[in-house]
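Novice: Fit chain U to the known structure of chain G by using the hints.
Read off the chains here:
Number of protein chains: 2
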Amino acid sequence: MRTALIPLALLAAAPLAAEDKPAAAPTPVEIVAAAPKADWAPITASDLMVMDLAADAKGRPRRVVIQLLPPPFSQGWVGNIRKLVAARFWDGTSINRVQDNYVVQWGDAEAEDAKKAKKLPDGLAAVPESEYAAPFAPPMFKFRYTAWGKRDALVARGLVVVPIEVEPESRSYADAYSVNVGFASGFPVGMSYSQRQGYVDPLSDKGFNQPDAVWPVHCYGMVGVGRDMPPNTGSGAELYTVIGHAPRQLDRNIALVGRVIEGIEHMSSLPRGHGPLGFYDLAQGDERVPILSVRMGSEVTDLPTYEYLDTEKPSFARYADARASRRDPFYIRPAGGADICNIPVPVRQVK
Amino acid sequence: MRTALIPLALLAAAPLAAEDKPAAAPTPVEIVAAAPKADWAPITASDLMVMDLAADAKGRPRRVVIQLLPPPFSQGWVGNIRKLVAARFWDGTSINRVQDNYVVQWGDAEAEDAKKAKKLPDGLAAVPESEYAAPFAPPMFKFRYTAWGKRDALVARGLVVVPIEVEPESRSYADAYSVNVGFASGFPVGMSYSQRQGYVDPLSDKGFNQPDAVWPVHCYGMVGVGRDMPPNTGSGAELYTVIGHAPRQLDRNIALVGRVIEGIEHMSSLPRGHGPLGFYDLAQGDERVPILSVRMGSEVTDLPTYEYLDTEKPSFARYADARASRRDPFYIRPAGGADICNIPVPVRQVK
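Protein chains in written order, with the numbering used here: chain G, 1 to 351; chain U, 1 to 351.
Chain G extracted, bound-state conformation (with noise of 0.2 Å):
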């Protein structure tokens, strides 16, 4: 048999029943796969970015999707990138920078030469750090985790000692960078409490307080502004996606503006810069990729409609449910609990 790591479970059918053996635990895709059409939502076209990079050595296309975060999230940069946009000030740029573990950054090669740099259009805001958090919104978020520090709390109280037989109770989603974690409006989400709100024990379901703040993390895959030094916020000119390890340590540090819904391969799998930080250096024989345009969503007319997995909706709770407690063959030992950054939100194109 082909030695083949955990996902051929991924991909193949549960296997049938025989009638002594009870069915195998569906696997996160077979759950996705399964979801009803009432458990995704659109995607708005004109909420999608389309960039459209120079052919690959061997002449395929490369098309990048992003889908801007909704409100409250990055208002101020998104309404700039919305107006670089409609300037088409990304056409002719280039992809400047490929961090291993970390980003590919895209923009102006020449923003830093006066002489040669292209003009931003008029209008651009000035954002202020106080938007890398929005307040709480309560008609755009539910929390699928109220689990926060649950078992650990379990643990505390001498409950739960070696999470091996993993009970509802006993599910994990401690995370090492914001007191809690969730999806709001399908992007995944860091929160905080204030003191004023008071604190109600973990242990109960009920009277869980609403957070006070609540802001996107940086998850594979995010799409976020460059900056200088603070206080400067960045105008969402030049923009980065992260293709390693969750660099958290940015979330409200730097402001995010979407996610990469489709092709993100093709800037995860650019030769990294051999420049400082991963910019590409001519000299050394790096090549900086050609931005042939970047247009919205709805001005593209050959772009399929997708939609995202409902993060509100059974099916999501499930998936997330199962991709924290893997149950199906290839798994000896459920985990019992999930970094936020390996829940990734399902995206599909509408057939």
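Some hints could be false.
Just so you know, same-sequence chains aren't split out, so a pair can sit in one copy or run between any two.
Cross-link-like lysine-lysine pairs, in silico, DSBU-like; alpha carbons within 35 Å at most [what the hints assert, rightly or not]:
(1) Lys116 x Lys351
(2) Lys58 x Lys118
(3) Lys37 x Lys351
Hint data in this document are derived by calculation from the structure and do not stem from the laboratory.
Specialist: Structure of chain U alone, referenced to chain G:
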């Protein structure tokens, strides 16, 4: 000014402090650069595996250097790997799979076909699943972080609410996959505590019991053993390395045997495969990447000497603390905690 993202601050020397201004906090890179020689530990050449891939399209050599795990981790598989190298098993095999944000996998592409498969050397061990974790080995392990659940516990008791002002006692190394995390002999590990040993309040540093099991975890660049369905654990003939967000759900479900310490960009930047699970599909124009040879470091005459920042030494503690709470000028809000996989152990060539 060039919009630069955080990393400019990483490489730049700390600005000279004016007399009326405190010196800027050092970056993690600056802390590593300043570490005394005594804080570095050598890596024995006989613990290195050197994989030479075919040159890239520009004729540049591609060498990948892997450090094998020390005892007591994964010894059965590491022993097999030494036998496979001695038998030159991988010479002439290839990289067969590149799945975005997951793994690169290599070995005999014909392993599934009994007629074409390369013969495995005699004497490979069938390693039991119990070896996915090791009993606690006091001489080789020290806690760097006793902080498991510390912030969480403080929050639960109402002692800390919003960790904006990060004090040592509110730092978080909370982990979604294991009760505690740390470093053993330079490798990131998870650990568990048995009921028999009981549990001591995490608010107290003293009396924190020793774990009864320790295991390496799936961070970026870690190398593991492809396997079939359990109870198969793999021989070691098919290996993979992590090239995306740490797939920690694999911890204790699959064997880890080491990590890439140099040249991972030669694997992470490869074209993604178009077949299922990222396997290269020749019919779709994919090309496998030839492996010219795999040797132990002790057999390679032109190999530099490597050393890692000793995880038992003060410089590592300072480095890890700076990774968790960035106070250098680029940052406006230190996180107050870090994911174990966001504290990569520094490795360098000895000059």
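Novice: For a quick check of understanding: which of the numbered hints are violated here, in increasing order?
Specialist: Hint 1 alone not satisfied by this model.
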